[in-house]
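Participant: Sequence:
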Amino acid sequence: MRQDINTLLDSISKTESDKLLESWGYNLAAEYFETLSHATLDTHQPILELATGTGRMSVVLTRLGYDVITGDVSTEDRKKAEMRITKEYLHKVKFLTIDMESLLFENGSFSSVISMDTFHHLEHPEVCLKELIRVHSGKNSLVIGDFNETGFAELQKVHRILYGNDHPRGNLSMDKLKPLLETQYHEVKEIHTQLNVTLIASAKKKK
0 MRQDINTLLD SISKTESDKL LESWGYNLAA EYFETLSHAT LDTHQPILEL ATGTGRMSVV
60 LTRLGYDVIT GDVSTEDRKK AEMRITKEYL HKVKFLTIDM ESLLFENGSF SSVISMDTFH
120 HLEHPEVCLK ELIRVHSGKN SLVIGDFNET GFAELQKVHR ILYGNDHPRG NLSMDKLKPL
180 LETQYHEVKE IHTQLNVTLI ASAKKKK
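The sequence shown begins at 0 in numbering that gives the first Met the number 0 and counts up one residue at a time.
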């Protein structure tokens, strides 16, 4: 299994931030593979993945064989995402321009929903959380993760070196988000990796 994961990791195009993190002993794509091994995802319909950013999560999902609908409020990084995913896998991804505060999908549209390392960018994370829960059918997993203290510290270093600016930290940590999820789901697992803490919610409560 480890050999298979390494083969998949080798197929991913690396950005400058990926290379810098790897030089310090970190690999976010590998962490995503590890995290997703704890989730139940749908192989029969696309997974909703928000927000696209530079495509870190979408690229991992495509390597695992999933079809993906991914969206972001901005198209600024879409070319970077396409390069990271690579041409061979782009047919598995549908890109949308989308506002996480007002998703254009009906209630329960997706059985699998993922939002990784996104919430620290959001101006109104509680509103976005409600929208993710609304469009999640509850059949499979809702996966929400963000950087832990080590992750934020390392990404701050990346941003200072590559971009000369500060990396945002957001105002809704996973510690604060977890009880909000627990009001809506019977089970919320907490997964820890080097740079992230991830919540995997399942068994959505009926209203």
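FYI, nobody ran anything at the bench for these hints, they're computed from the structure.
Please read all numbers here as calculations on a predicted model, not as lab measurements.
C-beta: ideal position from N, C-alpha, C; glycine also.
Just so you know, not all the hints are guaranteed correct.
To be verified - Have a look at the derived ranges for each label pair, beta carbon to beta carbon:
no.	residue 1	residue 2	range
1	42	148	18 to 24 Å
2	19	105	37 to 43 Å
3	9	177	31 to 37 Å
4	133	169	19 to 25 Å
5	15	105	37 to 43 Å
6	63	15	20 to 26 Å
7	93	12	27 to 33 Å
8	105	43	15 to 21 Å
9	149	13	37 to 43 Å
10	133	22	19 to 25 Å
Participant: Using the C-beta atoms of residue 15 and residue 105, is the stated range 37 to 43 Å upheld?
Facilitator: holds, 39 Å
Participant: A range of 19 to 25 Å was offered for this pair. Does it hold for the Cβ distance of residue 133 and residue 22?
Facilitator: violated, 41 Å
Participant: Hint says 15 to 21 Å; check whether the CB-CB distance for residue 105 and residue 43 agrees.
Facilitator: Given range 15 to 21 Å: holds, Cβ gap about 18 Å.
Participant: For the hint 37 to 43 Å, verify it against the beta carbon of residue 19 and that of residue 105.
Facilitator: Cβ of residue 19 to Cβ of residue 105: about 41 Å, so the range 37 to 43 Å holds.
Participant: Between the beta carbons of residue 9 and residue 177, is the distance compatible with 31 to 37 Å?
Facilitator: Holds, since residue 9 and residue 177 (Cβ atoms, about 34 Å apart) stay within the stated range.
Participant: Taking 18 to 24 Å as the hint, is the beta-carbon distance of residue 42 and residue 148 inside that range?
Facilitator: Violated, since residue 42 and residue 148 (Cβ atoms, about 35 Å apart) do not stay within the stated range.
Participant: Could you tell me whether the CB distance from residue 149 to residue 13 stays inside 37 to 43 Å?
Facilitator: With Cβ atoms ~21 Å apart, the hint is violated.
Participant: Range first: 20 to 26 Å. Now tell me if the beta carbons of residue 63 and residue 15 are that far apart.
Facilitator: holds, 25 Å
Participant: Does the Cβ pair residue 93, residue 12 satisfy 27 to 33 Å?
Facilitator: violated, 19 Å
Participant: Take a look at whether the Cβ-Cβ distance between residue 133 and residue 169 falls inside 19 to 25 Å.
Facilitator: holds, 21 Å
Hints 1, 7, 9 and 10 from the earlier list are contradicted by this structure; the remaining hints agree with it.
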